[in-house]
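Chains F and V are the protein sequences, given in the same order.
Everything in the first sequence is counted per my numbering, starting at 1 for the first residue and increasing by one.
Everything in the second sequence is counted per my numbering, starting at 390 for the first residue and increasing by one.
Misleading hints may appear alongside valid ones.
[To be verified] Cut-off 25 Å, straight-line C-alpha distance, at most; resulting in silico cross-link-like pairs (SDA-like, lysine to any residue):
| hint | chain 1 | residue 1 | chain 2 | residue 2 |
| --- | --- | --- | --- | --- |
| 1 | V | K525 | V | L482 |
| 2 | F | K60 | F | T252 |
| 3 | F | K60 | V | A425 |
| 4 | F | K60 | V | D739 |
| 5 | F | K60 | V | G741 |
| 6 | F | K225 | F | M194 |
| 7 | F | K358 | F | A113 |
| 8 | F | K225 | F | A236 |
| 9 | F | K358 | F | L288 |
| 10 | F | K41 | V | E429 |
| 11 | F | K60 | V | L441 |
| 12 | F | K60 | V | A744 |
| 13 | V | K525 | V | Y751 |
| 14 | F | K358 | V | L658 |
| 15 | F | K60 | V | V734 |
| 16 | F | K41 | V | E426 |
| 17 | F | K60 | V | P445 |
| 18 | F | K358 | V | D668 |
| 19 | F | K358 | V | A654 |
| 20 | F | K60 | V | Q408 |
| 21 | F | K60 | V | R440 |
[What the hints assert, rightly or not] Some chain V residues well away from chain F (every beta-carbon gap over 10 Å; in silico):
| hint | residue |
| --- | --- |
| 22 | N456 |
| 23 | G464 |
| 24 | H527 |
| 25 | G603 |
Keep in mind the hints are simulated off the structure, nothing from the lab.
We put the beta carbon where it would ideally sit given N, CA and C, even for glycine.
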Amino acid sequence: MPPTVNAALAGSEHANHLGLPPLDIDPRLVGDPALRPVAAKLAQGERLDAGDGLALMTSKDLLGLGALAHAARLAKNGPYTYYVLNRQINYSNVCGNRCTFCAFWREPDGEGAYLLSPQEAASVAAEHPEMDLAELHVVGSCHPQLGLDYYCELLAALAAARPRATLKAFTPVEIEHFARQEGISTTEVLQRLMAAGLKAMPGGGAEVFSPRVRAELCPSKTSGKRWLAISGQAHALGLPTNATMLYGHIETPAERVEHLLALREQQDLSGGFSAFIPLAFHPENTGLGELARTTGLDDLKVVAASRLLLDNFPHIKAYWVMLGPKLAQVALNFGADDLDGTIVEERITHTAGATTAKGMTEEELRHLIISAGFTPVRRDSFYRSLEQD
Amino acid sequence: MALAQAQRSPLAQALAAAQAGERLSPEQAVTLLNEAELLELGRLAHAARMRLNPEPVVTFAVDRNINTTNECLSGCRFCAFFRPPGHAEGYVLSREELGRKIDETLALGGTHILIQGGLHPQIGVEATCDSFRFIKQHHPIHIHGLSPPEVVHMAQVDGLSIPEALERLREAGLGSIPGGGAEILVDRVRSRIAPGKCDAEQWLAVMAEAHRQGLMTTATMMFGSLDTVEDRVEHLRCLRDLQDDSLALGRGRFTAFIPWTFQPANTALSDIPPATAVDYLRMLAVSRLFLDNFPHLQASWVTQGAGIAQTALVFGADDLGSTMIEENVVAAAGISFRLPREELVRLANDIGFQARQRDVFYNPV
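So that you can see chain F by itself, here it is in the shape it has in the complex:
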């Protein structure tokens, strides 16, 4: 009898924080001459540099990129593909940052502006009692009027409504905003939120770290350096966090590579990132509405380059809300090993014109994984298997 998923996972060194081992790459799959030196390094187990990253990020050799990234994915995660029963809760869309690429934010008295009270958020979390949610993903905005007490009450109310779910809440951008509002340090904010039930953090607000891009698109937002530093503080306190990159707007390939290498460096230092999630920019209803959507090549390339450059990240997520379920499934052959989850009600990308469903069923997620030839693993927020053996 083959070993159960849980036994196999327990016995493997999957998803480690170390670099990549020497990879087994089929050279016939790599057509682009610019990728061959990268393939040679990967076959030796050498760490890639910015030049290699640029070769990956500018290649049009989709199959070659896939071959390299899939070898890395197999080395890290084998055939296992993760998903989580989760729900997103966006407590407010009132935000003072006014980022050009965002279609979600509103002025405090703007049309459609809202703020959920802790009790309202808790009743949203309690919907669908038949779903055994493992995670609540809670992000909002930089609300100009709220104090830290609100966020602590929010976490307490959510924990009471869903005691079995892990509270994964607030991006480093929100943490910095809370600290400013309260006049205390970000570490102190994190400690108080942890006391109120915070167990992990999502990776939003990273956008692209390049100061040029941030000055143009999100000048009020936390800098890249601060974003990384706050993630590091969370890691030091034992909070696992994620990281993202919003690509497909005005950033250059070199700026994408710099972003990924900055994340890798931070991970070397603090080690607490669980997953990297590339986010394909959706231009509709944003200040950049004239831009075209990213292409399939671009989406798969960013997944592949991320897997290869972020050798110390255990997981790469194909976020189906932004990629669509079809490309997200194909991305499992281009380095990704996680499809995120059921989500239930996605708001942010849908205000920017996403045409995907707002949620997926567990059955749909497993079907995508199995029909792509991988082994599904229902996980918790910490990538522990919840499969019933």
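Starting from the structure of chain F, add chain V where the hints point.
Below, chain V alone, put in the same frame as chain F:
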């Protein structure tokens, strides 16, 4: 050496045959569909595509799907578009509307119309010929029209043989035939999903006769309903055999193969889990390898979306189909991807191909 050959796994043998560009057996195609790695299939299919179409060019057509009527006797269980004859939501397109749609198509640089309709109880060969003559006289454009189930049905309505029906339709202006209504050319499946539609033998007989009369046609496959992997390969085998015969005859032939996935939403089979993007790319790649006598393979952005259609360009497809100024049937099943011409060009260029508009015969425009 011979012993070593014989001991190689069926997968290794199938991969080696595909690598060498040999004609694949149906068993080998089944093995590849079931067992080969996705990216390996892509590599082999793309190499086959570049052998057959060596230019770094992706083609597309500018045309319009015109559905003359949605009233249909067939009652296919996978269809969200049809209404039974006499239904309140049934329609038959007027001549004025038909003319307006064609004029718009021409104004947008379109080279042809794809004209199809339901199996209407009163519309036979003669009524269709009238309509084609009207088009040719007042709104001249290439008519890429009907499908084998329609031809069979219309011949029955007017009591004509298939060769007679095709002859009259050709004389009235039919220029080529799209390969719709093939679904899966295995009667066990057809009789369950499309009981009112012509059987596999009739479908192939119409195409054989059309080729004999010098008509170019395409062929489609709708997979992912009640079909097995073996059924899909049997479908490909029927098409490859017929194409061998048509090429030997040297008149008409299949120009392209267009696989697409069954879209279960709003149909009587909505409980079937949909074929996924990975299923689609694998099927496309194996089709490219198996159909060695088909010059072109179309990517189906209508059912797959832009991202997968672009990916399909390295999994065997060399054509992005058409800009589809109008598409009703797939849209009725809850899918609505719209790709204007600029977007098709951008997708092709982005992945390293030139984009070139073609006509229905795959000649550059």
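Going through the hints against the structure:
no. : hint                : in the structure
1   : K525(V) <-> L482(V) : holds, 17 Å
2   : K60(F) <-> T252(F)  : holds, 16 Å
3   : K60(F) <-> A425(V)  : holds, 23 Å
4   : K60(F) <-> D739(V)  : holds, 8 Å
5   : K60(F) <-> G741(V)  : holds, 6 Å
6   : K225(F) <-> M194(F) : holds, 23 Å
7   : K358(F) <-> A113(F) : holds, 20 Å
8   : K225(F) <-> A236(F) : holds, 16 Å
9   : K358(F) <-> L288(F) : holds, 23 Å
10  : K41(F) <-> E429(V)  : holds, 22 Å
11  : K60(F) <-> L441(V)  : holds, 21 Å
12  : K60(F) <-> A744(V)  : holds, 16 Å
13  : K525(V) <-> Y751(V) : holds, 22 Å
14  : K358(F) <-> L658(V) : holds, 23 Å
15  : K60(F) <-> V734(V)  : holds, 16 Å
16  : K41(F) <-> E426(V)  : holds, 24 Å
17  : K60(F) <-> P445(V)  : holds, 13 Å
18  : K358(F) <-> D668(V) : holds, 24 Å
19  : K358(F) <-> A654(V) : holds, 17 Å
20  : K60(F) <-> Q408(V)  : holds, 23 Å
21  : K60(F) <-> R440(V)  : holds, 20 Å
22  : N456                : holds, 24 Å
23  : G464                : holds, 28 Å
24  : H527                : holds, 39 Å
25  : G603                : holds, 38 Å
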